[in-house]
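First to last, the protein sequences are chains C and D.
Residue numbering for the first sequence follows the working numbering, beginning at 38 and increasing consecutively.
Residue numbering for the second sequence follows the working numbering, beginning at 108 and increasing consecutively.
The hints are simulated quantities; they were obtained by calculation from the structure and are not laboratory data.
Mixed in with the good hints, there may be bad ones.
[Unchecked claim] Heads up, incomplete: computed chain C residues facing chain D, CB under 8 Å, no partners named:
| id | residue |
| --- | --- |
| 1 | S79 |
| 2 | L83 |
| 3 | V85 |
| 4 | K105 |
| 5 | S121 |
| 6 | A122 |
| 7 | F125 |
| 8 | L137 |
| 9 | F139 |
| 10 | Q141 |
Where a beta carbon is used, it is the ideal one built from N, C-alpha and C, also for glycine.
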Amino acid sequence: ELKVEQNPLFLSMQEGKNYTIYCNYSTTSDRLYWYRQDPGKSLESLFVLLSNGAVKQEGRLMASLDTKARLSTLHITAAVHDLSATYFCAVAGGTSYGKLTFGQGTILTVHP
Amino acid sequence: GAVVSQHPSWVICKSGTSVKIECRSLDFQATTMFWYRQFPKQSLMLMATSNEGSKATYEQGVEKDKFLINHASLTLSTLTVTSAHPEDSSFYICSARVAGSGYGYTFGSGTRLTVV
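Next comes chain C alone, as it looks inside the complex (with noise of 0.2 Å):
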């Protein structure tokens, strides 16, 4: 069974800091998606990861991808309280082939 596994939960963070979300998995796959989610609404696409050192980057975040290590990164660069939100991995794969399993979330918090 895949398992999923982002660290931290939560974090609060200053504007203008950096830090990292870590995105765990437990069995081999291609691919690895980043999503947003806003309060009370569904998932914004960020980020998709198709090959082994996949890196991507959308304004402050940034994205990569260590299949070997099955771990993915997404970097927060310079945070501003428009990135607080709550931040979802998730990957394709396993046995069941297009879907998708979630990881806990990651609640950001910015504060000024």
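Once you've looked at the hints, dock chain D against the given chain C.
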């Protein structure tokens, strides 16, 4: 981009009644639709996978007779919560794979179900 339209956005129903949630793919054909449930402060849990023209595949622990899924066309999948109870109150989200999108998934806007 590919859009999945989900309705209603929110619904309040009495205990014992049934509620239907619809997800329509607006500009693409959704061969497969995934249905998730999310309780407050928790992650998304896959309930079932529906494929057009065939029976849905339910995850372990999800009652098939309670959560009826129909995927009669390539653009419409529905989830009916039958004989709803307060413990069914949750946020329900549908999602579809989008062919040719670099393995992306698109998500519906979600339905907040409250059973009173």
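Hints, one by one, checked against the model:
Contact between S79(C) and chain D, as hinted, is supported at the beta carbon level, the nearest pair being about 4 Å apart and thus within 8 Å. A hinted interface residue such as L83(C) counts as satisfied when its beta carbon comes closer than 8 Å to some beta carbon of chain D; here the least separation is about 11 Å, so the hint is violated. Satisfaction of the interface hint for V85(C) is found here, the shortest Cβ-Cβ separation to chain D being roughly 6 Å, below the 8 Å cut-off. With a least beta-carbon distance of about 20 Å to chain D, the hint placing K105(C) at the interface is violated under the 8 Å criterion.
Taking 8 Å as the C-beta contact cut-off toward chain D, the hint placing S121(C) at the interface is violated, the least distance being around 15 Å. Among the interface hints, the one on A122(C) is violated; its C-beta lies about 13 Å from the nearest C-beta in chain D, farther than the 8 Å criterion. The beta carbon of F125(C) comes within 7 Å of a beta carbon in chain D, closer than 8 Å, and the hint placing it at the interface holds. The interface hint given for L137(C) holds, since its Cβ lies 7 Å from the closest Cβ of chain D, which is under the 8 Å cut-off.
Taking 8 Å as the C-beta contact cut-off toward chain D, the hint placing F139(C) at the interface holds, the least distance being around 5 Å. Against a cut-off of 8 Å between C-beta atoms, the interface hint on Q141(C) holds, since the closest Cβ of chain D lies about 5 Å away.
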